[in-house]
Each structure stands twice: as structure tokens, then as C-alpha cells.
Amino acid sequence: MESTVLSVGIDIGTSTTQLVLSRLTLQNKASSFSVPNIVISKKEIIYQSAIIFTPLMDGYTIDYPQIAQFVAQEYLNAGIDREAIQIGAIIITGETARKENAERVVQTLSHDAGDFVVATAGPDLEGILAAKGAGAGKYSKGKKAPIINLDIGGGTTNLAALDGDQVLDTACFDIGGRLIRIDPISMEVSYIAPKIKYLIHQLNIGVHEGSVLQSAKQLNPIIDVLVRVLENSVGVGERNPFFDHLITNHSFSKLDPSLVRLITFSGGVADCMEQDETQNPFIYGDIGLLLGRKLRESMIFQHKTVVHSHETIRATVVGAGSYSVTVSGSTISYTQSVLPLRNIPILRLAIEKAKLDTGKLANCIKNQLEVFRINGVLANVAIYMTGLSSPTFAQLQSCAKAIRLGADELIKNEVPLIVMTDEDIAKALGHSLFTFLPPKYPYVCIDRIRVGSGDYIDIGEPVAHAAVLPVSVKTLLFY
Amino acid sequence: MEQEKEQILSDISQINMKEQLLVPNPNNYEGYMKIKSFTPARLGLWRCGPRYKTQSVLRFRADHAAAQDSVFSSVNPELIKEMQFIAIQTLCQSKDEYLTRPDLGRRFSKENEEKIKQQITGHPKIQLVVGDGLSSAAIEANIKEIIPSIKQGLNYYDLDCEKHIFVKYCRVGVMDQVGEITDADVVCMLIGERPGLATAQSMSAYIAYRPTMGMPEMRRTVVSNIHAQGIPPVEAGAYISELLYKMLHYKKSGLDLKAVENENDN
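Chains A and B, in that order, are what the protein sequence lines are. Positions in the first sequence are counted from 1; adding 633 to them yields this note's numbering. Positions in the second sequence are counted from 1; adding 31 to them yields this note's numbering.
Note that these hints are calculated values from the structure, not bench results. Backbone N, C-alpha and C define an ideal beta-carbon position, used for all residues, glycine too. Careful, some of the hints might be misleading.
[What the hints assert, rightly or not] One-sided and incomplete, this derived list gives chain B residues near chain A with beta-carbon spacing under 8 angstroms:
(1) THR85
(2) PRO179
(3) VAL254
(4) GLU266
(5) TYR270
[Claimed, not checked] Below, computed lysine-lysine pairings styled on DSSO-like, alpha-carbon distance capped at 27 angstroms:
(6) B:LYS277 - A:LYS1073
(7) A:LYS887 - B:LYS65
(8) B:LYS49 - B:LYS67
(9) B:LYS175 - A:LYS777
(10) A:LYS988 - B:LYS182
(11) A:LYS1034 - B:LYS182
(12) B:LYS175 - A:LYS1034
(13) B:LYS67 - A:LYS774
(14) A:LYS777 - B:LYS67
(15) A:LYS887 - B:LYS67
(16) A:LYS774 - B:LYS65
(17) B:LYS84 - B:LYS49
Start from the sequences and build out the full structure, keeping to the hints where you can.
Here's what the structure looks like:
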């Protein structure tokens, strides 16, 4: 038994905005003699939009009406009704996420683009989606070896290290093709990003906004630094003095990138790496081609195995469309009327089955809930429990009771109770919650979800004949 | 570490083989462990000349013995008492007869039939039957977790079941006779699966709407692989409760139930 859902991905990046529509196939992989196991078995891209320059009103604010119009027009071109789109994600990336109205734009657009389209942001998530969209995860899964993808866009380079579906670490640098903008005809420099201004000052090069370049060679020392830092970012070469300066939020911290052999490149600059040397380096009005050419000669190619990526400039948007949503386990328990749920923060509890104590666990939940109190009001959270592989019935009851007691204030406020687990126990735990909650109290209890502290989740309306719920794990970091 | 070395391992099967790699100085330890994590197969055992190492041979024999034990042992009578099961027996008189005469494992004597009739009256909606089947260990490992979970799930659907039957020397087909004797709407049999080397504790549920002796096998719905490393018994119980509810609702089971569910979906 198969069913399909239509998914949209929209990427509003530093330089470009684009949209893809994907068809995801859901299939029960279990035999008829087993409990169902519904998974996303196929991901096909059915429509790709044109790539437009991200519309900005004045350099500081995103032009929302133009983006909304672009989305509506592309839906029309694709011949798809907004109502037909069941899931998807909008990601606002790179420097654009720092624009004043970024948060409002994605929130509004996520409603306008479809019923369960999630709004996301943040360099870590961008790197992960780009790596998956570029096909790095799939390649790594096939080779059973870790891989790093460098998504080099207009404003930032987002790195993600994957081992199959698993994310090992992320990193982000302020390195991109549009950090310096140059008129291709007059060779006049129209824009230099703040961090590059500092770099130019330190290198003592006489280039500033308004100056006219004699030759592209003038920029070589700058491009050199950018390429050296990119080499450093994957553990190649001696640490460049500007390494720390060019970090956006963090470099790899959980893994030693020099141990990862496989590399893929995506993003607009990955395309620039392939183009021939003879054309005007400023044909795109920026340093993308220069950066791409220098990168091709970099030591990364000698020290690592560079694998061809499936997507380059579209990697992030394909990732947003096809990889941002997972499905819950297939034996779950929920009240349909409370769905969809959006922007729910995670309260994470690691349970030690052997030491399970109802009272202590209840207190722990109660105390941790305080973190989510804003202006005296308790925000709704998803209680996420790990460590419950094949619990006894008594342990299950104990957890349900502890949740009932610990989340008493939420229940008094009549917000729907959301409980998630990593292990496959949600239907049984849901039934236990039903026993302890007030009659007809709305709740959602789902499993086979992996989230970290600090993540947010959206839970959509059921798909695949009401058997599973689509879940999107995301970060919502505007900065 | 020193202390650990001096400890005595009383049972070799306490070692989790998924976490044990016997290959000395592997080229890629993490990679090997990752491959092992996907399968219960005995990978990375290494060798001594052309033979297995002693440890691997002992473990293989221990697991094989556990599998045989679970077939040839009986469910602890204390457990049957504790769970307040109505204990009966098929026409088989011994394990040997049980293994060699499957037909006798599918029927009760007149005497046992009467025993059921006396204790279960008023044709219940749901009748649970627990059978030792080919693994008594499976029943001992899972039954105390799955039955309360089924009952709790039934409560969610405003249903209930009480007075469970335990059948010694049990084959699946005996549930059909239970159906006829009790006149229950749905009979759910929890029975020990044929043990393997990976686990001897796997249990299955066979469920049928108004089963009758000689009915086609396609009328049974099966949930297999119920054990701690497969479908956790508590979760299986919750899932079974939903199946029981659906069968009462559609008045169907097995492939008929699948067909009517698919129709409703489309």
C-alpha cells in the first residue's frame, strides 16, 4: 500500500530565492505479519522554479510582497493548488536571515505557501539541508563512510558532516561569492561585506566601495585567504590567521574534520568551479567565479576525495523540499483535532529505566518546564523521553503518571499534551496517558523521532491513511 | 580493568554480541561495529586456523541450547497461577507427542471443553488465549507486560477482556475450538514462536473474528516478532488492542480485514 504527499521547499538566500516541488512516496515496509512500518520510500522532484535574485527593498529588509507573488506564480506555472501541498519547509539562509524582517517573512510565508509548511532558519540547519539536498547523505550511506559537504553560497559557506542519515557536526563561515560586488563592465566595486572590509584593511590592499579595479588580480590576496580558511575548515593545511575572524557561529567542534575523507561541494560557487577560465571573472557581478577557480586548485583536491554532488545551487532548496520532514513511527496515539502543532520547543528527559521513580521524574519535569516560562506564562513544550527501550508495563505507567503530575500546570491551562520518544512505545504510552489524563483531554504521543535540546518541532496532520504524522525538526535561529 | 578481568562470567550468553568484535586490530573498528549494528548475525568472530575460536563455539552451543530448552521446558505453573489463567491442555500428553503430532495440539478433550464452558459463560466479545507453543521462554518473558497493555488499550476503546485461558502443548489451530466453545466474537492467541539462535523469547499473536474449526488460514491476522529486541511487548499490546477494536467494528479479520480497510482508505 503506497500513498504520496506533495512537498514544497523554498530557499530565500543571500543572493537567490528559489522553489522546488517534490513528491514523497510513503510505503509500509513491514510484511503483513508484522506491525506496520511506514517510511518515506521515494523522493522525486517534480517542479523546479526559476532562480531569482532575492528581492530586497533597501538592502536591509526583504520585499515580502514580491516573494509572495513569486511563490504564487510558480505554483501557477507548476499547475499545483496551494491546498494540494501537504508538507514542506521554507528556509531563510545566509545573510538574509539577519535582515530586520526575516522572522516575520518566513512565518507569514509558511502560512501562505501551504497548510503544513514549516519556517526554518539558522546556519546549522541550512548546512544539513544543503548536504542532504546535494546527495552527500545518500553517497555516505552507500559507502558507509562519513562525508562533509561545503555549501558555498553568496554570503556564507555552510558545512555539514554526515554519516548516512546521521548528522555528525555542522560549521559555518562568512565566505561566499557575493561578499564583494563588482560591476562587470566598469569594474567598480559596489559592495564589500563588513568582515571582508576588515580583512582588506589587515592585508593593506587599496580596495574599497567605489574604487575601480585595474585587474581581477588585485583581489587575489583576499581570495587566497578565503580558500585557505575553507581548506582549514575541513582540516587541511596550516591554520590561517583569519580563520577565527571568518567563523559565522562555530567551526566543527564535535569531530576532527581531517579524519573525514569524502567531500562534496554545493551552492552557487560549486557551479563556478566548473566554468572555463576565459570568461570575464565578474560576469555575475561578484567574486563567485574567482573563488570557484581558486578553490579548484586548492589542496582539498589532493588531500581528500571530492565526490560529484547531485545538486549545486539548488542543494538547499532540494533539501528543504525533500529532507526537512520525517514521519513518526507507525504505532502512535493522538487526538486529531489538535493538529497541526507549530514551533514547539523540546523538553528532553533521559530516563534510566532501572532507577525510574514517579515522584522524582514528575519533579524533574516540573522544574524543567520553568525554563519555558515566558512573562509568567508556561509555553507549550514537547516532552521528549529517551532510554525507554522495551519498558515493562509498570515502567510505562510510571512515566505516564509522572508526566501527568509534572505537567499539571500545562494541563490546568488546557494546552494539548505533547509527548515524544525515540523508542517504539508511543501507542502504549499514549494509552497510559489516556488513562491518567482528564476525560477527553487532547494529546499527541509519537515515537521514532530524534531531536536535540534547543530544537523546535512542527507536527502536521496525519498522512498515509492516518497511520503516521509528519514531523519537522528544526531550529529557529534569527540573528 | 584488573578487577574486571578477575570476574567470573557465569553465563556466556550475557555478552551482547552486537557490542563484541573478536577481530584483533581491525582496520576500521567503527565501520565494522556499524555493519554489526544492522544485523543479529554473528559477524566478526575471527578464527583460529580454519576453525572458529572457542568462545564462538561455546556461544553458538549456548544459544542453541537455549532454543532447545525453550521448546522442551514448560511455562512455570507459578506464573499461570499468578496471572489467574484457566489452565487446560490439548490432547497431547508429552512434549514428544506435541512435537510429533501437530493434529493433537489443535484439539481439546471433552473434559477440557467442559472446563472452559463452566468458567467462561455469556459469549465474551474478546477471548484471550495464551499458548506455550514452541517457546515457553517467550511466554515467561512477555506475558506479564503484554496483557496489561492489551487491557489498557481496550479500555481506550471502551472494551475489556477477562478470564484468560492458558493452553499447554498448544498449536495455533486450537483457538478455533476455543472460539466455538466460548462463542467469543474475537479470539486472540498469544503463542511462543519457534525459537531461533537470535532469540528464544519471540512471541506471536494470532487473532481471528469468530474463528471456526477448519476455517481458511487467511482469516487470521498475525502480529509476529514480539520481544524486547523486536516489537516491545507493551507496544505490541497497544497495537493488538486496536486490531481487536477494528475486528469488532468491521466484523472481519485476516485478509478480509485488510481488504475492507483498503476500501475505506480509497
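To see whether the hints hold, each was checked on the structure:
no. : hint                 : result
1   : THR85                : violated, 31 angstroms
2   : PRO179               : holds, 4 angstroms
3   : VAL254               : holds, 6 angstroms
4   : GLU266               : holds, 5 angstroms
5   : TYR270               : holds, 5 angstroms
6   : B:LYS277 - A:LYS1073 : holds, 20 angstroms
7   : A:LYS887 - B:LYS65   : holds, 19 angstroms
8   : B:LYS49 - B:LYS67    : holds, 6 angstroms
9   : B:LYS175 - A:LYS777  : violated, 40 angstroms
10  : A:LYS988 - B:LYS182  : holds, 26 angstroms
11  : A:LYS1034 - B:LYS182 : holds, 17 angstroms
12  : B:LYS175 - A:LYS1034 : holds, 20 angstroms
13  : B:LYS67 - A:LYS774   : holds, 15 angstroms
14  : A:LYS777 - B:LYS67   : holds, 12 angstroms
15  : A:LYS887 - B:LYS67   : holds, 24 angstroms
16  : A:LYS774 - B:LYS65   : holds, 11 angstroms
17  : B:LYS84 - B:LYS49    : holds, 17 angstroms
Of the numbered hints stated above, those contradicted by the structure are hints 1, 9, listed in ascending order.
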